[in-house]
Amino acid sequence: MKTLWKLATCVAVVLLSFSMYSCGDDDEDSIGSVDELVGMWEVVEHSGYEIEDGEREEDNPSYYVGRRYELKSDMTFNSYSRGSSNPSETGKWELKNGSVHLIFYYPNDGGYDYEDPDIMKIVEISADKLVWEYHWKETGWELYEKETLKKIAQ
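Just so we're aligned, residue 40 is where the sequence shown starts under my numbering, counting upward by one.
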């Protein structure tokens, strides 16, 4: 009888561990879909700052407003400086856990920078509006940007 009780307890523990694992909150954090993101997006609002060695400097929003991101269905992207029709940067993009990962292409440095993508967390998305934020922090330096973009083309 004790052996049967131990076996039942072990089975219960194993089943409980599987049920706890499957109840993660990954789905709650996930926002957006590839279909929603594909298109040409233009920055209409920007806020951000940089802190270096304790000194905080606010971004100049007019530098960023008008910048465009073209997220293509083949999972490549182009970014355009304000007013330019030629891409200033290119690369690949992925959607992971509610964030857009921009993997930039640097031909002179060996290709795609898979080790250090820009991870843009999606805060809000609709058919014609995208709000994302970027935050990077390391010893002695921090960068934060939040942008509101409008979809200007499919």
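Be a bit skeptical, because a hint or two may be false.
Said to hold, decoys possible - Here are the simulated SDA-like pairs of lysine to any residue, each with C-alpha atoms no more than 20 Å apart in a straight line: (1) LYS189 with TRP175; (2) LYS160 with GLY122; (3) LYS185 with SER124; (4) LYS135 with TRP175; (5) LYS189 with SER112; (6) LYS189 with TYR102; (7) LYS168 with GLU94; (8) LYS185 with HIS174; (9) LYS168 with GLY150; (10) LYS111 with GLY78; (11) LYS189 with ASP74.
To be verified - Okay, the calculated beta carbon distance ranges per label pair: (12) LEU182 with GLY105: 27 to 35 Å; (13) ARG121 with GLU75: 20 to 28 Å; (14) GLU75 with ASN147: 17 to 25 Å; (15) ASN99 with HIS174: 15 to 23 Å; (16) ASP92 with GLU133: 31 to 39 Å.
The hints are simulated quantities; they were obtained by calculation from the structure and are not laboratory data. Idealized CB from N, CA, C, for every residue including glycine.
Cross-check of the supplied hints:
Between LYS189 and TRP175 the CA atoms are separated by roughly 24 Å; this puts the pair beyond 20 Å, and the hint is violated. Under the criterion of a C-alpha separation no larger than 20 Å, the hint pairing LYS160 with GLY122 is inconsistent with the structure, at around 25 Å. Among the hinted pairs, LYS185 with SER124 is inconsistent with the structure: their alpha-carbon atoms are about 24 Å apart, more than 20 Å. This hinted pair checks out: LYS135 and TRP175 have alpha carbons roughly 17 Å apart, not beyond 20 Å.
Only pairs whose Cα atoms come within 20 Å are accepted, and LYS189 paired with SER112 is accepted, the gap being roughly 18 Å. Between LYS189 and TYR102, the direct Cα distance comes to roughly 17 Å. Compliance with the 20 Å bound is thereby established for this hinted pair. For the hint linking LYS168 to GLU94, the alpha-carbon distance of about 33 Å lies beyond 20 Å, and the restraint is violated. Between LYS185 and HIS174, the direct Cα distance comes to roughly 9 Å. Compliance with the 20 Å bound is thereby established for this hinted pair.
For a cut-off of 20 Å, the pair hint linking LYS168 to GLY150 is broken: about 31 Å separates their Cα positions. Note on LYS111 and GLY78: the hinted pairing holds, with a Cα-Cα distance of about 6 Å set against a maximum of 20 Å. Between LYS189 and ASP74 the alpha-carbon distance is near 15 Å, which keeps this suggested pair within the 20 Å criterion. Hint check: LEU182 to GLY105, Cβ distance near 20 Å, so the stated range 27 to 35 Å is violated.
The hint said 20 to 28 Å for the Cβ distance between ARG121 and GLU75, and at roughly 24 Å that hint holds. Distance hint for GLU75 and ASN147: a CB-CB separation of about 34 Å, inconsistent with the stated range 17 to 25 Å. Hint check: ASN99 to HIS174, Cβ distance near 19 Å, so the stated range 15 to 23 Å holds. The hinted range of 31 to 39 Å is satisfied by ASP92 and GLU133, whose Cβ atoms lie roughly 33 Å apart.
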